[in-house]
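**Student:** As a plain string of letters, each chain reads:
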Amino acid sequence: MKLPVNIDIAKTHLLAKKRQTAVAMLGVTFGIGMYILMISFMSGFNEFLEDTLLSSTPDVHIYNDIQTDYSRSILDEIMDTNKVVNVVYHTKPKDITPNIRIAQKIISDLKNDEKVLAVSPQLSTQVFYNNGPVQINGTLSGVNILQEALLTGMSDKMKTGKIENLLTIDNGILMGQGLANKLNVKVGDIVSLATPKGTSLRFRVVGTFQFGMGALDNVKSYVAISKVQQLLGKDNQYITDINLKLRNYSEAQKMAKVYGARYGYKSEDWQTANASAMVSILIRNVMTFVISFTMLVVAGFGIYNIMSMTIQNKLKDIAILKAQGFAGKDIRQIFLTESVTIGIIGALLGLALGFLMSYGVYNLPFPKNEFISITRFPVTFHWYHYAFGIGFGIVTTFIAGLMPSVKASKIDPVEILRG
Amino acid sequence: MEEKRSMFSKMIGSSNKQAPVTYIDDPNTVLSTHQLNKYFYEPDKFHVLKDVSFKVDRGEFVSIVGKSGCGKSTLLYLISTLDTSYEGEIIINKQRVTGLTQNELAHFRNEHIGFVFQFHFLLPEFTALQNVMLPAEKLGKYSRSEIEDRAYEKLKWLDMQQFANKVSGKLSGGQQQRVAIARALSNDPTVIMGDEPTGNLDSANTQIVFDILKDLARTKGQTIIAVTHDPEFAENTDRTIEMVDGEIVKQ
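Those protein sequence lines, which keep their order, are chains A and B. Numbering-wise (this note's numbering), the first sequence opens with residue 1 and increments by one. Numbering-wise (this note's numbering), the second sequence opens with residue 1001 and increments by one.
Keep in mind that the hints were calculated from the coordinates and are not lab data. Predicted model, so just to flag it, every value in this text is computed and none were measured. Using N, Cα and C, we set each Cβ at its ideal position, and we do this for glycine too. Accuracy of the hints is not assured; some may be wrong.
Unchecked claim - Among the chain A residues that face chain B by a calculated CB cut under 8 Å, a handful are: (1) G132; (2) A273; (3) D317; (4) F326; (5) P413.
Claimed, not checked - Here are the in silico distance ranges between beta carbons for each label pair: (6) A:R376 <-> B:K1170: 55 to 61 Å; (7) B:R1218 <-> A:L15: 20 to 26 Å; (8) A:K17 <-> B:N1103: 25 to 31 Å; (9) A:Y384 <-> B:K1156: 53 to 59 Å; (10) B:D1149 <-> A:L15: 44 to 50 Å; (11) B:N1028 <-> A:P4: 36 to 42 Å.
What the hints assert, rightly or not - Below, computed lysine-lysine pairings styled on DSBU-like, alpha-carbon distance capped at 30 Å: (12) B:K1214 <-> B:K1166; (13) A:K11 <-> A:K407; (14) B:K1141 <-> A:K410; (15) A:K410 <-> B:K1050.
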């Protein structure tokens, strides 16, 4: 094989000191390998978390936020505060119902909005599930189950039964798996619910679901919206929440503001609703990058060290090459080629190592846990993580090799040759 | 007059586009220097070379002798274009090398100058043949197979062909020096510069190397300039330039 002479010299150098070359490569290999493992695992975990959050939280949630602003009393609206001073002790909120008054209009309006994929009106209430003499606290959501399924992807999360059963069976209820376990009920069993106001109804379990979050699976049930209206003694227009699924969930924050302003109700996006979870995702991402970056930089320093040492050992060779007519740029090219070769091969091996390690982790069974419904460690395999890994590896080794190479190219041959 | 001259040479020295100026009428002259002056500044300012001017003809085997510190090695590195901080003018093969850029000089050395050093200075990871091929590959005048053939021929001429594929780090001192001579010949240079080419060899190898150099000058018309300590070596060359305290005292 015919190589340009500079590359040929670089190759001979690398092959002459195989062990040193291998050590330098291993530095890069481990750096990149660990980066791939960490980023795959972390992003897998983050994606799993985001998925769970998204399926349990609507993209946008419109509801009537009960005002707890006590700084103005009703008296202020009647008596002009410019002329008199009103003093009211221990103010309380007005007696208001927490429903959305123009719900039907908002729903039909949102259904025509091209950014909205699905609209699910809801009526939620606190309930007690009666289990013999014991009452278990939980929540009950009245929904149009087909719309709700579009939002949460519930169809895939059913452990037993089917969501369509809710439409066909009168007084049917879909129950969280954890809750069903606590109540010791299965599909076909009857369960009795009571509201805080004292009314109660009996439902037949037609299915159980598992979102993978204890906060939902252990407390929540779904029934038809009219049943909750009946339970609360409200009319058939009574709705407390409107949940939206957007075509593009990353626009939630922007659209929530738009809808809030348009309809005059509190409008919350999923990121705000899960602010603490989003912060932990962000922190994990930052940590992953900081640690990976550190590992690659350490690998870079390893290369810098080895290249500096190599060049120190080859001062005589560099001088003789210069005497024979190799210019400074040739010397620079020789040593840069060496470090970038180490970088490319090391990084490629690192990608392979990283892939094998993440594949190994992917096949590890996840410790059994009643709150999280996964059976093995969440790991992603995204091509761009690998592209970034090799790109960063090459850039690091290039920079690490550049300084010693430039130094080598500036060596004065006369000083070396004269001894 | 002196000052004017050095100023003039500096002026043209600063312009790289300067066409080669020919001062030499004698077509036989291969190398000539004019009023070379060189100073060392570390640790103190020291005038190493004082108005050194000489000429070397084609095919001449010239030795430069003198005591340690007389400036003979310094002079060799000036005329071999490795050291560029001097006053005066050097012309090799009718080309003015004073004032060329480092890259131009590198190319010039590659084509016109071969080196033989006291300590062989072969690249230890490469085979003898590869060492001889490197300068030719750098020049890129011939194809790879031609370069290999020519390099092999040179080794053969020096009776080193049986070591062609041996890693040079594993050859003996005398063998290495012979390979180094083959390497110096790689591009059929105008001049071979030797810095104590036999300084590190025993007497038998000294004799072999000297005979090779002599033969090169005799049969191939190769110009050779060698710095040496060895009075016997110097005596047997065509001409001896003797230096004392940075000045040429005898040619």
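**Student:** With reference to the structure, classify each hint as holding or not holding.
**Tutor:** To see whether the hints hold, each was checked on the structure:
Look at A:G132: its Cβ only gets to about 86 Å from chain B, farther than 8 Å, so that hint breaks. Because the smallest distance between the Cβ of A:A273 and any Cβ of chain B comes to about 65 Å, over 8 Å, the interface hint for this residue is violated. With a cut of 8 Å, the hint placing A:D317 at the interface with chain B holds, because the nearest CB-to-CB distance is about 5 Å. The restraint placing A:F326 at the interface with chain B holds, with a minimum CB-CB distance near 6 Å, inside the 8 Å limit.
Taking 8 Å as the C-beta cut-off, the interface hint given for A:P413 holds, the closest approach to chain B being about 5 Å. A beta carbon spacing of about 56 Å between A:R376 and B:K1170 agrees with the range 55 to 61 Å that was offered as a hint. Between B:R1218 and A:L15 the CB atoms are about 41 Å apart, so this pair departs from the stated range of 20 to 26 Å. Under the hint 25 to 31 Å, the C-beta atoms of A:K17 and B:N1103, about 29 Å apart, fit the expected range.
Distance hint check for A:Y384 and B:K1156: the Cβ-Cβ separation is about 58 Å, which falls inside the suggested range of 53 to 59 Å. In this structure the hint that B:D1149 and A:L15 lie 44 to 50 Å apart at CB is violated, the actual value being about 25 Å. At roughly 38 Å, the beta-carbon separation of B:N1028 and A:P4 lies within the given 36 to 42 Å, and the hint holds. Our distance criterion of 30 Å between C-alpha atoms is met by B:K1214 and B:K1166, whose separation comes to about 27 Å.
For the hint linking A:K11 to A:K407, the alpha-carbon distance of about 20 Å falls within 30 Å, and the restraint holds. Distance check on the hinted pair: B:K1141 and A:K410 sit about 27 Å apart at the alpha-carbon level, within 30 Å; holds. Note on A:K410 and B:K1050: the hinted pairing holds, with a Cα-Cα distance of about 28 Å set against a maximum of 30 Å.
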